[in-house]
Each structure stands twice: as C-alpha cells, then as structure tokens.
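Protein chains in written order, with this note's numbering: chain A, 5 to 441; chain B, 5 to 441; chain C, 5 to 441.
It is worth saying that the hints were derived from the structure and are not from the lab. Positions of the beta carbon are idealized from the N, C-alpha and C atoms, including for glycine. One thing to keep in mind: the hints can contain errors.
Have a look at the derived ranges for each label pair, beta carbon to beta carbon [as the list claims (entries may be wrong)]:
hint	chain 1	residue 1	chain 2	residue 2	range
1	A	E329	C	K254	21 to 31 Å
2	B	E155	C	E415	45 to 55 Å
3	C	E315	B	V385	38 to 48 Å
4	B	I243	C	K254	19 to 29 Å
5	B	I243	A	E329	31 to 41 Å
6	C	E251	B	E255	46 to 56 Å
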Amino acid sequence: MTMATDKRLHDRKFVRTFFTTPTAEKGEDDSAKKLRGAIGLRGMQAPDVWVPDNEDATAPSMREEGAENIAEVVAEDGADFPGEIHPRVVWHRDSPETRYDGFQQMLTIADPQKGAVENIDGFVIPEVGDIDDWKKADEFFTMVETEHGLEEGSLAMSVIIESGAAEQAMTKLRTEMGKPDNNLQRLFMLVIGEVDYTKDMRAITPTGSLPEWHEIRHNTSSAASAAGLIGVDGPYDDIRDVEGYNERMKENQAKGLLGIWSLTPGQVVEANTNPLPPQEGYWLIDADGTEVELDQDGETWTYRGGDISLEESGDDYVLTVGVDEMELDEDELRQELLDMTSYVPSLDDIVDSMEEFEAAKEAGKGAIAMTRAATISIDGVEIDISSDRMWDEATYQALQTPITLFQDVYENRPDQHEDLAEIYSEDVVERAMEVGS
Amino acid sequence: MTMATDKRLHDRKFVRTFFTTPTAEKGEDDSAKKLRGAIGLRGMQAPDVWVPDNEDATAPSMREEGAENIAEVVAEDGADFPGEIHPRVVWHRDSPETRYDGFQQMLTIADPQKGAVENIDGFVIPEVGDIDDWKKADEFFTMVETEHGLEEGSLAMSVIIESGAAEQAMTKLRTEMGKPDNNLQRLFMLVIGEVDYTKDMRAITPTGSLPEWHEIRHNTSSAASAAGLIGVDGPYDDIRDVEGYNERMKENQAKGLLGIWSLTPGQVVEANTNPLPPQEGYWLIDADGTEVELDQDGETWTYRGGDISLEESGDDYVLTVGVDEMELDEDELRQELLDMTSYVPSLDDIVDSMEEFEAAKEAGKGAIAMTRAATISIDGVEIDISSDRMWDEATYQALQTPITLFQDVYENRPDQHEDLAEIYSEDVVERAMEVGS
Amino acid sequence: MTMATDKRLHDRKFVRTFFTTPTAEKGEDDSAKKLRGAIGLRGMQAPDVWVPDNEDATAPSMREEGAENIAEVVAEDGADFPGEIHPRVVWHRDSPETRYDGFQQMLTIADPQKGAVENIDGFVIPEVGDIDDWKKADEFFTMVETEHGLEEGSLAMSVIIESGAAEQAMTKLRTEMGKPDNNLQRLFMLVIGEVDYTKDMRAITPTGSLPEWHEIRHNTSSAASAAGLIGVDGPYDDIRDVEGYNERMKENQAKGLLGIWSLTPGQVVEANTNPLPPQEGYWLIDADGTEVELDQDGETWTYRGGDISLEESGDDYVLTVGVDEMELDEDELRQELLDMTSYVPSLDDIVDSMEEFEAAKEAGKGAIAMTRAATISIDGVEIDISSDRMWDEATYQALQTPITLFQDVYENRPDQHEDLAEIYSEDVVERAMEVGS
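Let the sequences and hints guide you as you build the complete structure.
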C-alpha cells in the first residue's frame, strides 16, 4: 500500500501560524473536546499548521489517551481541515525512555487502521539535541513509515529548537541532509521554544520575563534559509497583549522568521493577518525615536501627537522634535520631514510598483525611480513632500516576499479567500495573484 | 601515585566570579605579596574561581618567578582557599615559543614536589585559536598529568576566547570532546577576553571604548550550554563604575552568561552577589523608556521621578508619560499601569511560588496562576493593580535557575553561609535549599 | 610564462572602499564610458578596491561586451590606477548556466593577449552558496590561471555573502582553506550583499527598508578575522544621506567590519576618510541618550543643545538632563559630567599616547595612566574634569588598529599622501608612520 501523503509534504513554502491544542484532558466527558474544537476552525481562525500537542500541553498521564484521541479526531474530520496537521509527540535528548514513548505515539497516530494518517502531514519533535539526536528521531519516522506501508520520507519532521545543542545542530543540516543513511530531507519546520531554551541556557532576568534572544531567532532563520526549511518563533505567553504579539511578529519578519506559535484562535487570527501587507498604505513619522502613524484626510497626513511641533516664523519654520528646536527654511524643512517620514505600502501599492517595474523591464530599462508623494500637516502647517526610490531587479525581488507569501496563502488556503477578498477587494487579490510570475 | 584531584574537577555547576592576581612583581620585598593577599580572601570577597595570572597581569620577565610563586603560595595556603584555583599560563596560537613556555609553567606549578597540585583545579589558557590549537594545549595537560603521576584528565582546562578563530572553535566542541585521541572532556570554562578580541577583530570605536560584542557573548553562552561548560564574561575595566558593572552582569544573565571577570575584591563582592535574587522584592515602572524602581511604603509603591505624572479629572485620569498625555478611565488606567509595571521577586518570593507550584502539581494540576498585587502611587493618586501569571512545568523549570545557582553556591561555599544568612535570613536560606529537589 | 601578479595579492591588509562601476551601457557612443571615468579616479576619490561590475550593475545583454570593455580599459589605464582591481563576474549557486557564463567572463578578462591581467588583482563572485559552491568557483580560477599561464593561486577570489548558505560556508573556511585539492587560499574579501540576503532570508519590513542584519555583519567580520580575510559591508542605497552612511560605518567599525561598498565617488571619499582618526580630538556628551559633540573654545568645551541645563544654586548645582533634575555638590557634579562625557582622540592624540606608552614600556613599566582634562561649559557654568585611563599592553594593541590602518593606507596609496598631509599635517603623518613598529 502506497499512500499519497507526500503530495502534501512541503506544499507550503510559508507557515504563518503554528497552533497547539491539548490532546486529552482529565475530568471532561470527552477528553478530546479541545481537539474537536480546534479541527473545526476555518478561515483566519484556522492555522497554517495545527499541532495536536501530546507533549507540554497535555498531562503526562493523559498522553497515551492523547495519541488515540489525535488518531480518532483526525480520522473523522482531518480531510476537511484547511491547514496541515503535525502532532507533537514527546522526545528528549537526555532520555531514551521519553524517546521510546515518542516513537510509540507516532506508531499509534500513524496506524493506517485508525484512518488518520492520510491527513497527518508530519510530526513535531521537541527537546532535540545535536544532529545525531535528530537522526534518531528521523530513523523512527522511517520505521513508522515502513511498518505502516507509507512511502519513506513522506512524513515531515519538524523540531523544536530549545537547547544550545540544537542551536548548533542547525549549522550541520546542509552537510547531513541528503546522506544515504538518513531521510533528513523530511525536515520541514525549525520552531523555537524560548521557555525551555532559557532554561537550557540558564538565563536569568530580574522579573522572570523571557530574554529577547535575538541571536537564536537569527540563527534559526538563517539555518532555515540555508536548508530550505521554515522558521517559526515560539509562543507569546501574554495572550491579552495583542499589541506586543504584533510587535514581536514585526521584529521576527525583519529577521526572515515569518511564522509564529499561536496559543489561541485569537492569536491565530493576528498571526495569519500580520505578515500580509496592509489594506491601506500609510505614512509613519519618527516622533523623537518612536514611529507614529499619521492620520489620513485625503492626500493630507496629519500628526496629532505631542512630540513634534511646527510653526511658521516669517519665511522660515520652527520645527521642534522632543526638546530639539530647529529653525529651517522651506527646503530644509521639506528635507527634514522627508528624513523623518516613511511610507508603508498597501498590497495594492506593492502590486502597482511591481507591475510598473515589470513593464519598465519589458521596455528594456534596468532601473526606475518610484515616486511617493504626500502632504504632511503638523499644527496646521502643511508641507508637500515627495520621495524617489530606485528599483532594480534586486529591489524588485527583495520586495517580492510579501507577494510570494500572499500567493502561497491564497493557493493553499481556499478557506481564507473570502476573508482576503473582504480585506483587499477582489480586484487587488486578482492582480496580486498575477504579478511576479 | 594517583591523586584524587578529579574529585574537585567540575564540582561547580556555576562560576560567578573569576578573579585574577599578578603572580610576581618586581621591586617588592616579597614578589608574591599580591598572591598571598588574594589567597587569604574569604566570604563574599573570595571568588568562585581564583586565577593567579601568569600572563597579562605579570611582566614577561617575572613569569618564571611567577610560576614558582604560585606553587609556593598555593602549597602553603591553597587547602584553606574556599574557591577553585586555576592559574593562567602563557599561550599563543601564533607562537610555538609562547606555547612551550606555557607548558613549562604548567609543569612547574603542578610539580608534586612543590606540594601545590592537590589544590590546583586546572589551568587557564589564553589566546587560543581554532580547535586544533586547543588540542595542543590539551596534550600538554596530559603530559603534565602523566609526568607528575596525576590522573589523566584530572586538571581542568579553561580557555580565553579572544579571537575569531576561537569563536569558531566553540562550535566544534561537541564533535571533538570525547574522541579517543584527546582529553578535551577536561574543558571547564569558556572565558571571553574582549580587549584582545577587539584587537583580533580589528574593531574601532571613536573613543577607544570596547564595543558591545553582543554576538560573542551569545555564542560563548550557547557553546557553553551545548558542551556542558561554563561561560564567563571578560573584565570590566572601569573599576569605580559599580553601576555599570552591575548593569553588564544583568545583560549577561539574560544571555545565560552567569560568570564575570573581577579585577578587585570589590568587584568580586558585586559579582558574587549580583546573580542571586534580591533580599526584598520590588516593583519597577517603565518611565518613558527607563525602568525605575518604585519606593515602598507597606503595600504602596510610589513613583517619585519626573517622567510620569498622574492626576484625577472628574471620574477620569490624566496620565502623562514623557510628553505623551493620555485621558483614561479607571479600568484603562489600571491596564496601562499593569503594562508599565513589573515585579522583581525576592529569593523568598521565588521559593514561595515554587513551593506553591510543587503543591499544585502534587494535587494533579499542571498549571496555576500566580497573582501579584500592589497599590501604585503617582502624584498622590493611588491605584490598585493585580497581575496573574500562568505557571506550568516549563515556567517552573526556567525560573528555577536562580535557585539552582543559590543551591550550588550554598553547597560549595560554606564560607559564604554567614553572609547569605545575613542577607536572606536563616529561614529563607533553609527553604531555598529544600525547594525543587 | 609566469606572471608576478601574486606580488600584489593580499598586499592590502585593509580595504576601506569597494567601488562598483557598470561595465557596458547601451545607447552610449562608448559603452565603456563609465569604466573610463572610474579608472581615472585618484586620491580620496579612488577606492582601495575598484570593481568593474559585470553582474547587477550591467544589463544581462551587455555583459559579453562588458567583459571585453573591462579588458580593454584595464589594459590601457590599469597600470596607473592607485587601488586594486577586482571585476565582478556573474555566478549563481542555483544555475550552472550562470556559473559557466562567469567562467567565460573570467577567461576573457584574464586573457594575456588582451594585456589587462597584469593589473587585474582578482575577481568577485556573487551569489555563492555553501563551501562546495565556493570550490567550484575556485576551480575555475585555477583553470583560468593554468589556461593563461598565470601562477596558480595568483588571482584573488572574493565572494558576496548574500544567502543563508553562504553565511554557513564562512564557518567552514578554516577547515577547507589549505586542503591540497583546492586553492582557497586565494580568498581575499567577504563582502555582504544585504539586498539579496534579505530576499534569500525572505525578510519583510513594513516600509521595504533593509533590516539591520546585525548578525550577518558580525558573522562576516568574525569569519574574516578567523580566516585572515577582509570583511566589507554592502551598499548604502540612499546616496544623499551622507550622515546615515557615516553612521553605518561607525556601527560597522565597532564590529570590526572596516570596509564598505561605495556607489559614487562621493561615497568613496566618505568611506576612505571615515575609518581614519579625526584631525582634531573632541569631547562628546551623552545628552539624554544621544551623543552630542561639544563646541571647542581653547580648553573649554561648551554644550549648546536643549537637553541638558545646569545652574548654580548656592554652593550646589542643579543639573537637568531631559526631564531628570539632580541637585549635586561640586564633586558629584564633576563625577556626573565625567560619566556623561567622553573624548574622541585625534590621530595626533593617539600617536602621543602610543609614544608615551612605548617610552614607559622601555623604562620597564607595564601599565600607565593616560590623563585627559577639559573644562566643560553648560549654560555659562564651567567645571573642570579630568579622567584617567589605564593603558597596558593589551590596551595599546587594541587601540593600535586605527594606526595600523593608517599605515596600510599610507604605504599602499601614495596618491593619497597629499590629502593625508593636508588633513593631518606632515609632522603628524610622519610620527604616525613611525609609531608601533
């Protein structure tokens, strides 16, 4: 029996959302209640990757039942779930007993008799160590596949990076993947687990908050890029702090780390939406060190905060930023405002620019200037500004990432078409699907 | 003859302090005077690791005498010294002559005839290059051991990371340690040497101050974690700047780099104390970008700075942070203050929370909410706030690091028991030694 | 035929400037016009490394002609060009076709019949992947050399780091360089290409600006240091933003990344000048988080900004920084100002300090205090401050980098002697060439 599971393997070039759900809870009539809830999610509430979590989210004593629950729930409703399904099983680099348990859980969940495996895309392995520990897990995947008549390599393997050893393993992937004695090509996501990483690194902060961990985020993103994998950041614990969660994603995106863990359907909505370009473009101004969005009124963009003030003084202007006062003539003021402002393009704007560049390229030009103009208003004083940006092939390709992401989402998530059309309008969506191909 | 030196090898899981002392000074009646002073240190003034420094701190012409001095002073008083003793000898990746000198210095210091070696825990090797250079040093350790009838691998080896080559060597430790042709399992501390690293990297700052070097600190901490070693940051030159030294340690701790070089007994006291939890918990407020400690008066915590002001305005409140003015109702104000404040738990608080979680776990609960409440007072206006934090097994373990450190200190440094009891009270110390085991 | 090209290979220990020029432009009477302009540059406008760019700066259809143009222009005027010449050819880790084209371009440019190769120092290879891809390029260099009767290894190879794979390759250089099956010792510069790196990492920023990429800059600098190579940062697109370009260089220098790409002769002047010490030393003050230069009037240095104010109040002083007000006595004020200020030494100052330390060393002292004094004036109130800094051998060597750089520039760029003498005076230049040797 050969199953076509590999048709789905690595279909996704992007993963925005990695949503975990406990697999079995004591004291409920139906211990799989949360799994049944999660598998019913659709649209922006449904994650790109759903992770029935048979590790930390589920009590140790409930994990055997959890594995059975996963198989049962996925067998029933997995075919209709719009994202990929990657259960997390137990594993620990320091415990053969835990590793054996993880192997058993995979065998249970992937058992074709239970009817779930056709909709299981892979497994997530936590607490991995150095590369040889990853190979042990890979070998169990291979055994699960041969034991259950699945194609070798068809189950994707993702790992949680939560130790210094795993951080180092990531630099060895290019050397190890593709060797005849393993099937590490099955690797799919590198997911950071900051809480356990903090423990393994023995880091301390006064308030017990998580350190920033800039480097592990960079290293994961770079290793994912080098090995053709997908980087995903760990959970953001303060569920109420929507602003902080979005801020974290913005930071991550500048590192090329486009996916993030979600703990609730609310976080899934945020994380599915955040990496996509905004519906409307807008201007930012650097208000004494903080980027502030300007208020739009037609072509005029008004600053209403207290950190910047502007007044006319004869033919000149007095611009005050924080406690710094500058006397400027009109040209100097325009230049200063140009330096202080920047434009965040909408999906529509990006598509426009790309189309314009594509047309120029076809006409034989290698580089063109893209102009962006606005009227900035501060304290009732209005100034027109206009900035040019050179686009060449490299700019075009580097700025294409949000479009490629959009296209990947659109192709793989028909259940989000309606939401996308509502956010962006049918027309923009259609043009976004055409551009850059 | 077999010596039981390995009983001490890697006894310490943590090293807070790495204190260097010149080994021989010209023009003194007793050239070993500073060594005799340092070996007499006790309590918080005594470092976890004492480093008689036969390299940079001692003039080249005095180093032969320095090696003899180390042997003599450690033979006399080493048995009573409360920390470990790891002399630094000379070494350079680019100079066979220097490496040979280092070998001779080790042979001298470890000579059993001189009676010091029983209290020598290992040696510190500066200026190492890539991993093959580390192996040359390791081979000399082995020769010193066999020549002097010590057990192979019984002398710990620590290195100073002060070149790009050494930075790269750290990623190879897991592959190289444990190979039959070396004894690199003797590795103990990875110590950063920022001054020479700056030279090797050819970095320039306008004022000649040291660069921040975030990445080498992360890379050292991560490599230490991956290879079971201990990371130690380099010297902080501005001895008068106690605040800056403590700030540096706080930064380091968030990277998992819990040890630091100390140049004076005063710095040793700071660095022995800083990583331990405070005696009393306290609230912080984010005052326009700077974390400020609030003043306690019973349950009320008062902000006395100039960056935040608060006044009532009818049923509402006007909260001003820097130049930003917000009109808020009571709930919004409470939420805003909750976001702006955070609590730094005392040792007592941490022990309380851990005990509470352990009790909950025994009662079958996997996660509990820890509540922290306070009254915040700004400009005479008082607001009660209360924050919940979810603790699960991972939180528990990640927050355990300061306790594990405390326990390691308590077990290995009986000479600090009195100081610890004075800081924390006998009762808290006792409970801290029980929790988490 | 053996050519003495290797006499120039790696002559330079430093590269400040990497200046690219399109090799062939359609629609011009002379498609090589820009090349002819660039090769005529002299003095501060001439880069340390000139890169006729047969890749991104030149349209694909013009690259065959571009290779011929390079050969022709360098044959004519290369002997008089004051910097090194390293043309960039095409390459891509994912395209054998592009790699073959790059090989052909190298064969064309280095053809001795064309008379250019004596003044070609090497080639720049863009878009490299992991180390095995670098070896493919190296092998083509070897073939070009043997085919054209050049000494093996005589053509330097530089690469553009613009992928996660290349980032990882850099950690393998020490293991791979020097192996008998390659000539990777020909490696010279590691140049970052942030635009394509951003694409490869799939990073997104809201405005489309480039991410900071601190880690790739550190990793490149560290790998260059470990392998004896030279790190160069990528292009700074906003050509008008001279301040931003200089800010970027300052950041880079603190990472040991002393070279940067230049897109215009104006940028070349900035980048040739920036890493050299200033002509006149000056004091900085930390004005509420921003470093501000004080105005000199003899020994008095005056703060004229709005962020700090100072007034006498009886015997005491009130110092206000931002919104923080401090009442201080004279000693406290002096200490506070000492902490807030720092001195940027001129070339003259650095030479003075080094000479002083060298004299002290000869007199048998290992460490001396260097004193720096000034009168600080704020709001008409004047305070004398004086700071001591300990110099030992390590300080001396770490602070020597700008001098070593100066000496490298002076030795290799006779065409800049006049400019340097004008900036610093003949006397200072002469002493700077003597010190530290």
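Structure-based check of each hint:
Against the hinted window of 21 to 31 Å, the Cβ-Cβ separation of E329 (chain A) and K254 (chain C) comes to about 26 Å, which satisfies the hint. Our hint of 45 to 55 Å for E155 (chain B) and E415 (chain C) holds, since their Cβ atoms are close to 54 Å apart. At roughly 31 Å, the beta-carbon separation of E315 (chain C) and V385 (chain B) lies outside the given 38 to 48 Å, and the hint is violated. Look at I243 (chain B) against K254 (chain C): about 27 Å separates their beta carbons, and that is inside 19 to 29 Å.
At about 40 Å, the CB distance of I243 (chain B) to E329 (chain A) agrees with the hint of 31 to 41 Å. The hint said 46 to 56 Å for the Cβ distance between E251 (chain C) and E255 (chain B), and at roughly 23 Å that hint is violated.
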